[in-house]
Structure formats: C-alpha cells, structure tokens
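Both chains are given apart, each in its own frame, so use the hints to dock them into the complex.
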Amino acid sequence: MLKILVCVKQVPDVDQMRMDPATGNLIRAGVPAILNPLDANALSAAVKVKETYGAEITLITMGPPNAEAVLRECLAVGADKAILVSDRAFGNADTLATSYSIVSAAKQAGDFDLIFCGKETLDGATGQMGSQLAERFDAAQVTSASLIKEIDVDNNKLVVERELETGIETLEVSMPCLFTMEKTNYPVRIPSLKGKLAAKKAPVVTYTANDIPGLDRERIGDAGSPTKVPRMFPPVMPEPGVIIDEGSVEASVAKLFELIKD
Amino acid sequence: MFEKVSTDVIAELKGIFGEKRVITGDMIGADFAHDELPGGAAHMPEAVVEAASTEEVAALMKLCSAAKIPVTVRGAGTGQAGGSVPVEGGLVLSLKGMDQVVSFDEQARLLTVQPGVLLQDVKAAAEEHGLYYPPDPGEKTATIGGNVSTNAAGPCALKYGCTRDYVQDAVIVLSDGTVTRLSSGEAFASVIGSEGTLAVITEISLKLIEKPAADAILLFPFMDTESCVKAADTIINAGFAPAIAEYMDTDIVEFAGNVTGNPVFPIEMDGERVAATLMVTIEGDDDDAVMETMEAIAEMAEDLECLDILVGDTPTMKRDFWDAHDAFHTAMESGAKCANEINVTVPSQTVAELVSFAKDLGAEKALKVMAYAHVGSGGVHIHAVSDCAKEEFAVAFAGFAEAVYAKVAELGGDIGGEYGVGYAKKAYLKAALSEVDYAKLAETKASLDPAGILNPGKVI
Numbered sequence: 001m002l003k004i005l006v007c008v009k010q011v012p013d014v015d016q017m018r019m020d021p022a023t024g025n026l027i028r029a030g031v032p033a034i035l036n037p038l039d040a041n042a043l044s045a046a047v048k049v050k051e052t053y054g055a056e057i058t059l060i061t062m063g064p065p066n067a068e069a070v071l072r073e074c075l076a077v078g079a080d081k082a083i084l085v086s087d088r089a090f091g092n093a094d095t096l097a098t099s100y101s102i103v104s105a106a107k108q109a110g111d112f113d114l115i116f117c118g119k120e121t122l123d124g125a126t127g128q129m130g131s132q133l134a135e136r137f138d139a140a141q142v143t144s145a146s147l148i149k150e151i152d153v154d155n156n157k158l159v160v161e162r163e164l165e166t167g168i169e170t171l172e173v174s175m176p177c178l179f180t181m182e183k184t185n186y187p188v189r190i191p192s193l194k195g196k197l198a199a200k201k202a203p204v205v206t207y208t209a210n211d212i213p214g215l216d217r218e219r220i221g222d223a224g225s226p227t228k229v230p231r232m233f234p235p236v237m238p239e240p241g242v243i244i245d246e247g248s249v250e251a252s253v254a255k256l257f258e259l260i261k262d
Numbered sequence: 001m002f003e004k005v006s007t008d009v010i011a012e013l014k015g016i017f018g019e020k021r022v023i024t025g026d027m028i029g030a031d032f033a034h035d036e037l038p039g040g041a042a043h044m045p046e047a048v049v050e051a052a053s054t055e056e057v058a059a060l061m062k063l064c065s066a067a068k069i070p071v072t073v074r075g076a077g078t079g080q081a082g083g084s085v086p087v088e089g090g091l092v093l094s095l096k097g098m099d100q101v102v103s104f105d106e107q108a109r110l111l112t113v114q115p116g117v118l119l120q121d122v123k124a125a126a127e128e129h130g131l132y133y134p135p136d137p138g139e140k141t142a143t144i145g146g147n148v149s150t151n152a153a154g155p156c157a158l159k160y161g162c163t164r165d166y167v168q169d170a171v172i173v174l175s176d177g178t179v180t181r182l183s184s185g186e187a188f189a190s191v192i193g194s195e196g197t198l199a200v201i202t203e204i205s206l207k208l209i210e211k212p213a214a215d216a217i218l219l220f221p222f223m224d225t226e227s228c229v230k231a232a233d234t235i236i237n238a239g240f241a242p243a244i245a246e247y248m249d250t251d252i253v254e255f256a257g258n259v260t261g262n263p264v265f266p267i268e269m270d271g272e273r274v275a276a277t278l279m280v281t282i283e284g285d286d287d288d289a290v291m292e293t294m295e296a297i298a299e300m301a302e303d304l305e306c307l308d309i310l311v312g313d314t315p316t317m318k319r320d321f322w323d324a325h326d327a328f329h330t331a332m333e334s335g336a337k338c339a340n341e342i343n344v345t346v347p348s349q350t351v352a353e354l355v356s357f358a359k360d361l362g363a364e365k366a367l368k369v370m371a372y373a374h375v376g377s378g379g380v381h382i383h384a385v386s387d388c389a390k391e392e393f394a395v396a397f398a399g400f401a402e403a404v405y406a407k408v409a410e411l412g413g414d415i416g417g418e419y420g421v422g423y424a425k426k427a428y429l430k431a432a433l434s435e436v437d438y439a440k441l442a443e444t445k446a447s448l449d450p451a452g453i454l455n456p457g458k459v460i
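As they're listed, the protein sequences go chains A and B.
If you count the first sequence from 1, position 151 lands on 151 in the numbering used here, and the numbers rise without skipping.
If you count the second sequence from 1, position 324 lands on 324 in the numbering used here, and the numbers rise without skipping.
Worth flagging that the hints you see were computed from the coordinates, not collected in a lab.
There could be a bad hint or two in this list.
[What the hints assert, rightly or not] Using C-beta positions, here's what the derived DEER-type ranges look like: (1) B:Ala189 with A:Met19: 39 to 49 Å; (2) A:Asp262 with B:Gly97: 11 to 21 Å; (3) B:Ile209 with A:Pro230: 45 to 55 Å; (4) A:Ile27 with B:Ser103: 53 to 63 Å; (5) B:Ile209 with A:Glu165: 43 to 53 Å; (6) A:Asp80 with B:Ala189: 55 to 65 Å; (7) B:Asp286 with A:Ile27: 21 to 31 Å; (8) A:Gly30 with B:Met1: 55 to 65 Å; (9) A:Leu164 with B:Asp286: 44 to 54 Å; (10) A:Leu164 with B:Leu110: 53 to 63 Å; (11) A:Met19 with B:Ser103: 29 to 39 Å; (12) A:Asp211 with B:Ala289: 28 to 38 Å; (13) B:Gly399 with A:Asp262: 34 to 44 Å.
[Unchecked claim] Using 30 Å as the maximum straight-line C-alpha spacing, the simulated DSBU-like pairs for lysine-lysine come out as follows: (14) B:Lys14 with A:Lys255; (15) B:Lys159 with A:Lys255; (16) B:Lys211 with A:Lys200; (17) B:Lys368 with B:Lys440; (18) B:Lys159 with A:Lys194.
The beta carbon of each residue, even a glycine, is placed where N, CA and C say it ideally should be.
Chain B extracted, bound-state conformation (with noise of 0.2 Å):
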C-alpha cells in the first residue's frame, strides 16, 4: 500500500531541506521510534525531516503524496497512547524546531504560535502579557501542536474546557500539500483532536483569557468513592463555578507518596483510613471573594459527608498539592516494576463505578490498580501496577484493559480520553464508538487524507 522512502525521495527531500535536516540510517535517533506510552513497541522511521516553516511543510506533504509515502508528525513525543510513532515506517515530520511564537494581537488577545511552542512556554507567553492560557494536560513539555491534535484537556477543563476551546484558527497543510487557514466549519472542528491523521497543523492561533485574581484549594477526604464523586457534583451543581474538581483514590495517594516521600494528601483521619480525596479550586476576584465562597462551602460540609475540609490558600501550599498530584503520573514507574495506564473519559456520575470496575478486576489479575479523575469533565487516569514479570503483566493489563475499555463503552464514553487513540487504543474504538460514529470518523478521513498517508496506523 505504502512506497518505501526511496534514495531518489530523500535526495529530493535535501534539495528542499538541505542535508542537515533530513536524518537517515544509524543517524536517526531512537527516541524517534516511541514516545511515552508505556511498554510501547519500537518503530523506526526510515527518515526524518525536521520542518521550519508551513512552505516547507506543503512542499514534503506534496512529495509524499506523490510517492504514496507515510508521514506521520511528531512534535516533543510526550504522548501516552502512540500517535506520534511511524508504525508505518516512512518518514517522521518533526515539527519541534518550529517553536517561534509569532505574535500578540493585544487587542483580540490572540497569540499566534508555531506548533512547536511548549505549552510551558505558551502559558508564559501568555502571563507576559498579563493573561492565561487554562488548557494544562499535565506534560508542560508537550507542544502546543501535540496538544491541539489531541484536544489536551486536563483538570482545569471543567471550568475552562479543552484546546479546542481556546483555538481561534489554524493554518493547515493537507496531505497533498494544499494550504488552507481554518477557523470554523466541519474540517476545522475535525482536525483539531485527530491525532495528525487528516492534516498538518503549522501555526495556531490561541485565544487567551483573563487570569482569576485569587484562588484557593480545599480538600474534602471521604470514607468512600461514591461519597467522593457525588459531593463534585454537588459542588459543581451548586454553583461555585469551581476550575477544578479532581477525585484522588487514596491508593494512588498513598502509592505516589511513597516514591516521593511526601504524600501531601491525608491517607488517614481519626486513626481510619480515607477512601479518596476531593480536591476542589475555588476562583474569585479577591481573597474576600474566596473566603466567602469557603464560608459558603463550609456550611455544606455536612450535605457533603465529607470527614473533613481542608484548605491551600498560600502559594507553598498550593504548589505542594500540584507537585503531589503530578506524582500519580510521575512515580508510577520509579514505584513498581511493571506499570501501565487506562485514560478514559466517562460520564461524571459513572467515574465511581469505572473506578469500582477497575479496582475489582484489577484485583481478580493481581494487578494493584490505582485512580485519580477529573469530575465533571469525566476524564478518569486508571493506573495499574505489579512487580511481577514483564511479559506477565503485558498479557495481564493487556485483558484489563480490553474489560475496561468495554466498560467505558458501556458507560457511554470515550476511550481517546486526554491522551487520544494512537495506536494504543485503536483495536478497541470500533466496539466503543457507534456505527455512525465510526464510519462518520473513517469518511471524513478518507476524505482530508484520500491516500492515507498522514499517521497511517492510527485511530482508525
């Protein structure tokens, strides 16, 4: 189906890059064959072109298309679910060098950015100019292009949604090399999310917000999981508009604290030990605005069956729960020998039941599974972990996650969670998605892509 990267093709690639920037053979790097996802295989890429600019980037797709090459594109190849891997082989567009912020329009609060801009350097673009960026997956050293074609969300989206949010328009390259600016229509809305399987994204303009004077964090420990979701969405429901509303399985605590020395988050209360965390951000124009939201809060305490409710309203405190958080992710390889993850996205008042599922059937595997999710968004970070063999486990997580992966469907919602399909996840979005659903995916694939040469191996 695909043509092998022929020495006249790379020859033809030099005359556009130059030699410096076509890498071949033993010089290809082997970071270039995976990206984060755990126990991923390795693929290597028979080239790899490292683009500068959007002309560039149409003349390669032009040549590719011609010679039915596959290119799949790669930006800082922090990806959990695959994506950004040559499965295909073929050629890897590395868009890592175009990382020039192009401008601010101060007046429509639009940053202009090339997609290989750190969404760390993004949200510092942003704060330069006294403004913010909210969407924040976790990986702050991911790219903003890897972020926009995976609609990266994180926890924050309850308030402030995802990438495609915040995407005011995009310039894009087809497969055939067309250049096109979108910012509206059905094209626009397909690429953002699709994992470089229907275009290129080259330059991106981002919307940016004001950023909430004051802030505080609480945390509500719960002696159950249920309790623990229910009281998010009363909270949510209330009114209290909070960013953040992120349920903490105090085995994920636990397990994270240990690694790090520092749980942070309470494990035990009274002598008993707590079942989950609710940690809630609160936002308001002043610190009096704040208070008064915790005041009012307060007085729901026991609506909430909370055992408690605990406060981070200093910048120490407030630090020391996000570096505490981002050690679920973080540690789970340094903890264990063996570790995995499942990220779904579910409807908000099922994320107790998946997490029920999945601790129940982890345990029937001997796999010590671990959770920790965005309520209200309904992303949910399903983590399992073992000391058991290698090739043990893979068999083990790999029935794990086809159960829960099935239990999603069920649920009704959407196994891409945050991190996309990849090609981690594609044996199991057909049986998640409806017929509809999967043949609107493939038409419009087959449509931006006719020849499938963008991220063959991928999605669909």
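Looking at chain A on its own, in the form it has when it is part of the complex (with noise of 0.2 Å):
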C-alpha cells in the first residue's frame, strides 16, 4: 500500500489579521488559527490518491499544541494517522529549520511514497518548504502540480500535470516523489460528521525535541536558522485616489471641475 504524507500548517485567519501601524507588529489577539487553505487542496489530492490507489495517509505539522486542531480537521476528511512536532526548542524556526525539523521527524514514522504540500502558506508565502522537504527526503520534486494523472504502483512510477503560466506540463516521475499542489481539480474536502467525531477521538502523536533520536539541536530552532526578522512593517501605501461616480457622466464631470477648482 503507498504510504503517503501530507505536511500542514497551522496558520492565522489573515482575513482577520491587522497590523498595528504604530509597532509594525502583527496583532494576532482575537485572530482564529485556520488550516493553511492550500494545504487543505493538497490534502484533497491525498485522499483522491487513496480512493483511486490505496493508500494510508500520514499528516504531520509543526506548531504549538493548539495546532492539533488542524490535524483533526484533516483527520476528519481522511487522513489516518497523525504527528505534531511541538517543542519550545523547536520555536522562532526559518524554513531551513522547519524543515529539517519536520524530516527528522517524519522519518520516524518510515518512508513515504508520495509527500503533498500546499504550494505555500498564507502567512509565509515563501514557497519555501515543499522544495526543502524533497531535498531532505531525497525525493523527486514536482511543483505547481495540478493533476495526478495516473500512479503505477509495481513499478513505481507516476504521472502528474503541473500548471504552468504557458500551459500544462506533463511529467513522468518515480517515487518517492514530493508535490507542492495548486488548488485546481483538488476542491476542499467537507468533512462528515461521522468522521468530524471520529476525528476528535482519533489519537495524535507528538514529537518533542527529545523524543526524535539524533536530532542535532544546533539545526533546530532559533539556533539552527540563518534568517532573522529584524523588523517587520506594513509597507507605505499610496494615498488612495478619489473614484468621481455622480451616477451621470455629466454630473461626473461637474464634480471633477469643481475639485480641481478647489
């Protein structure tokens, strides 16, 4: 059976995030942590692999306790099997760190066939992690997927579109391989409320730093990451200009004469 891992993230509703033009902070008070919308496409292609082929499916985040809540979320449309890799020590990662991170971990649950990412996060936006992912685990890489077309099992093999700004590319890949997926052919899954409840008692593994053997704590972490945020701040925006609608060209007109005369 393949065995498939899906990596998410728990990230802030942005839609409700505001940022504090004094401090340049985000303010995150009041804000509800989602699951990363893409990772939920990335997700949806996972399950339609299950279905298709067989497979049992794997789910791993980084991220604070509370960040269990988007495993369950996952675990409520199909995913069997859960890991949250939650440690201080593993705090104020940049990307290289996260994703060693998450390898580390990950490979204590085996190998996988097929990893799915989301093509990158809200909050982030680096794009970062899918590639990084594939480096460590040493598998083929294939972004801006689209569709997974066909998966020969026995052999090994499969073949997956990609989504290019100048048509679609089609690729024949051997396993494993790792996919960072568009949302396109993938609609997010609803959950059932049979699954919702299964999903609550489901159990959800977590690793700390000590419990992942080897793990060289210099790679982790705020130690283990090369990129700093020294400050962050909301970028000046242009005044914004003035639309003129008086319901009438004419009125219109009227209105633009008088402001410039003004």
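Right under this line is the structure:
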C-alpha cells in the first residue's frame, strides 16, 4: 500500500488580521487559527489518491500544542494518522530549520512514497518548504502540481500534470515524489459528521525534540535558523485616489471641475 | 392628480437644502431612475434632493404636501421590487447621506442610527460593542432605512426574527411634515415594512443582542426536495433552535458554482445527483456545546433520510459556505442572458410544493427555474433564467410570475416576501390578500398619507 505524507500548517486567518501601524507588529489577539488553505487542497489530492489506489495517509505539522486542531480537521476528511512536532526548542524556526525538524520527525514514522504540500502558506508565503523537504527526503520534486493522472504502483512511477503560465506540462516521475499542489482539480473536502466525531477521538502523536533520536539541536529552532526578521512594518501605501461617480457623466465631470477649482 | 416640480418649488428647495443638494435636469444620475429589479423600467425623477437631517426632511415634506408633489424615498437603491423608483415622477428624497451612527446606549444595548447607515456598518458598529445585530437579507450594502422600510429578514429570521423585531423606536416624518417619535402602536407597526408609502424614517434605534459564542454549519444532502424541507422542520421541532435552515436546490448550487468555479455544496454523492441540500447553523455557548448538539443531530440521521451529514465548523469553511450561498443571487445575471427572480414567503411546510410547482411551470415555459429558501421563516427565492431573446423572456417570465403569485396566495403566503411589493408586484397584491387585509392597507395609507404623495404607484 502506498504511504503518503501530507505536510500541513496552522496559520492565522489573515482575513481577520490587522497590523499595528505604530509597532509594525501583527495583532494576533482574537485572530482564529486555520488550516493553511492550500494545504487543504493538497490533502484533497492525497485523499483522492487514497480512494483510487489505496494508501495510508499520515499528516505532519509543526507548531504549538493547539495546532492539533488542524490535524483533527484533516483526520476528519480521510487522513489516517497524525504527527504533531511541538516543543519550545523548535520555536522561531525559519524554513531551513523547519524542514530539518519536519523530516527528522517524519522519518520516525517510516518512509513515504508520496509527499504532498500546499504550494505556499498564507502567513509566510515563502514557498520554500516543498523544495527543502524534497531535498531532505531525497524525493523527486514536482512544483505547481495540478493533477495526479496515473500511478503505476508496481513500477514505482506516476504521471503528473503541472500548471504553468505557458500551459500544462505532463511529467513521468519516479517515487518517492513530493508535490507542491495547486488547488485546481482538488477542491477542499467537507468533512462528514461521522468523520468529525471519529477525528475527535483519533490519536495524535506528539514529538518533542527529545523524542527524535539523533536530532541536531544546532539545526532546529532559533539556533538553526540563519534567517532573522529584525523588523516588520506595514508597506507605505500611496494616497488612495478618489473615484468620482455622481451617477452620470455630466454630473461626474461637473464634480471633477469642482474639485480641480478647489 | 400630482403637480410637476415647478421652478418655484426648486427655488424653495434650494432655499432649504442649498444649491448643491438639489439636483435637477441632466445632472440627475441615471441610477436614480431604477433600483436592482431585473428588467425594471427607467423612471427619472424631476429632481433629487439629498437630505442631511430630520428637520430638512420635515421641511421638504411640508413643501411637497402643499404643492402635491410625489416624494420617493431612496437609500442605496439595492431593492429588487422597484420600491425606490419614482414611477410617478416628482422628487427622489435621498437619505444616503444621513449615514451617521447617532449614539450607543450600553445599558439598554440600543444603537441609534440615521437611515443612510449601511447594514454592513450597523453590523460592524454592533461588533465594536461586542454585540450582534442579526437581521441580514444578504445585501449588506443596503441602507438600514431600506431594511426597515421592507422589514428585511433573511436566513437567520428563523431564530432571530426580522428587522421589525429589532426596531425599538424610530423618528418619522409624516407626509405633511409632522415629526414624531414612535416606539409602539399601530402606526409604528404599519410604518415598518411600508416601503416608504406611509412616512419617512429619519432615525432608528436598534436593539442589539449577545452574539452566540460558537457555531457550526451542517449540510444535509437529499435525493428529493420534500425530504429536505421535511428534515428542516424535524430539526426545528426537535428543539435544536437552529439559527438558519436553508433549503438549497442542487440546480442553483450547480448554476452558481459554474459561474464562480466553486460550487462548494454537494452536487453528486456516490455517483448520484443530489436533489437538494439543507444548510443548518447551530449555535452554542462554546465549541463543546455545539459538538454536543451535532452528536444529538447525528443520532437522528436515519430519521432525516439524508445521504450524509457534512460539517463546516472552521472559519474558512463557514466563509466558503456563505460565499457559495451568496453566489446564488449574484451569479444569476452573469450565468444567463436573461434572469429574473420571484421572492415570496409561504408557510414553511409548503416550500417544497411551491418549488415543485415553479419548476414544473418553468419547464413548460422553457425557463430554467432554480430555488433556495429559508425554511422555518418561509422566505423563498425562485430564480428563472434563459438564453432566449429578452422580449421573449419578459413575456414568459410575466406569465410565470403571475401563476407563481397565484399559487403563493393559494398556499396562504405573502407575495411581498423579503424584497417588498414595490411596483413590481403591485398588480398581484390585491389577488394575494383578503379583501379585509387589502382594505386595511388602503385605510392606513389614507390615514397617514391622505394626499398620497409618499411613494405613489407602490404597494397599493
């Protein structure tokens, strides 16, 4: 049976997020955490593969203990197992340290034939994780994947489509393979109530830094992160223009002249 | 019967409002000739006056009453029944500029606003005070004055009632310019929902309530419409107090989904086409309470005869559901060459019968008919679309609408629905009401607006 890993992330619901203009800090208070939207599409793709070919889907995320909520959300729509990588030691990690931590933890659960990631996250939007994970898993990498067309399980290969600006590219790839998924073709799945109730009781395995043998402490968290964020600030926005719409061309032109005169 | 707006009247108006807020001739925007009624005819006003205070409205009404000039009150012009269109000419009194939140009484949880405040801003103001203003007909850029004048309802009317239930008191200006504050009594009840035909509302105090701490949306797909509507009644009667029980015809889900590219709601399950989906919002004091209710509903699944029960309890999912639901309305005109809508209210248990009647009738007239409905409160939205020529569609739709309104009357419903009667449904109102009720309407109109200058050509 195919073994699938789906990497997901809990992100703040940016639609409800504001930035403090004075400090430049994001105001996170009262902002709910959600499953990164593109990860939901990646999960849908993985579940579709499971439905078509049979597979076991393991989820992995790194974050605070309450990130368990997004894992349960994913378990409710067809994932089988969930790993939460959570420890203060992993805090302040950049993508380099995060990909190292995720792969170190995932390897505790065995090897994977297919790894699915969302194309990017809503908060950081670096789009770096997929590539870094593929390198660390020693897996073929298909970015902007839009359709898993066919999997030849016996011969360890598959055919996948990529969505490019210039058109669709079809590739034959050998497994293990990592996809960063576009949302095309894989709409977010709505969990059933039965799935939701089962997910509520499903076990979620938590790995702390101590639970991962051989983990190099210098390569995780703040210490393992060469990327530092010295300051965050809102972009300087140009003065908004004025839309003159007085209901008719004549009235709008009259208003324009009035404004020019003033 | 009515007089034209003379140059003397214009001069007097400019004396009250100043030059800039009295708009005449070519300077009147074309938008003032219509609202959002599909296929509505254009009726230009002779002048548009932008009021800024109750006193100004009173002065205008006094003047127009004496001069026998029709006055049509207008908010954001988002109506769908032609209610704010000056079919008899005269003046359009725009209250859109009266858009201030006047006060908030924390003790009484009363938000006092001018009529031009948009519904979305009323809701935001309520939220700023940690409270909730429930009525929501969907169009959040409508003014609260428009909502009061049509007694707007929407999906959550099932649990929370209509706009009327939140109006604590209102300042109104009668057609002769008399200003009065009403908080109870027959006149107060009559003015709310009177579509600007009885008085001009210039200030409104709204009751705000506590917002439920947690909620979740459940979707119940069905193989047939009757079971879908019946299940809504079962859930309501079982005491789960859903805020919303929305019947959604799969034809409308699919049509809107094709326009937006994301239908969200189920169209097929296990290879079979779903006939309809019921969307139910349950609320509770916390997530655990909501989960408990969901578990209790899960136990009823067999009795409900639904194909499955799906859950949207994350901010993303809930937003997706509502975006897809809103698209039922917004997708119509971009999805077909011709589109029009019938909005009515019928007794909840007759929703399936009405939808089935409308679909059969639509098929006879080569119209694609799709529907969604607020089960419980009985609001039904029936959309008819076609790619035929506009003239052909207009004829087919007129016949369709007449038969549907007759059916609504037979079922004991209200053709005004949530959009009101306006001029679009005026011709059908008499047949839809009992003689006594119609006479009562006429009597109230004669009593509050004896000269008949307020929004003539509407309702009765």
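Each hint tested on the structure:
no.	hint	verdict
1	B:Ala189 with A:Met19: 39 to 49 Å	47 Å, holds
2	A:Asp262 with B:Gly97: 11 to 21 Å	19 Å, holds
3	B:Ile209 with A:Pro230: 45 to 55 Å	46 Å, holds
4	A:Ile27 with B:Ser103: 53 to 63 Å	28 Å, violated
5	B:Ile209 with A:Glu165: 43 to 53 Å	50 Å, holds
6	A:Asp80 with B:Ala189: 55 to 65 Å	59 Å, holds
7	B:Asp286 with A:Ile27: 21 to 31 Å	24 Å, holds
8	A:Gly30 with B:Met1: 55 to 65 Å	58 Å, holds
9	A:Leu164 with B:Asp286: 44 to 54 Å	47 Å, holds
10	A:Leu164 with B:Leu110: 53 to 63 Å	58 Å, holds
11	A:Met19 with B:Ser103: 29 to 39 Å	31 Å, holds
12	A:Asp211 with B:Ala289: 28 to 38 Å	35 Å, holds
13	B:Gly399 with A:Asp262: 34 to 44 Å	54 Å, violated
14	B:Lys14 with A:Lys255	18 Å, holds
15	B:Lys159 with A:Lys255	46 Å, violated
16	B:Lys211 with A:Lys200	26 Å, holds
17	B:Lys368 with B:Lys440	38 Å, violated
18	B:Lys159 with A:Lys194	26 Å, holds
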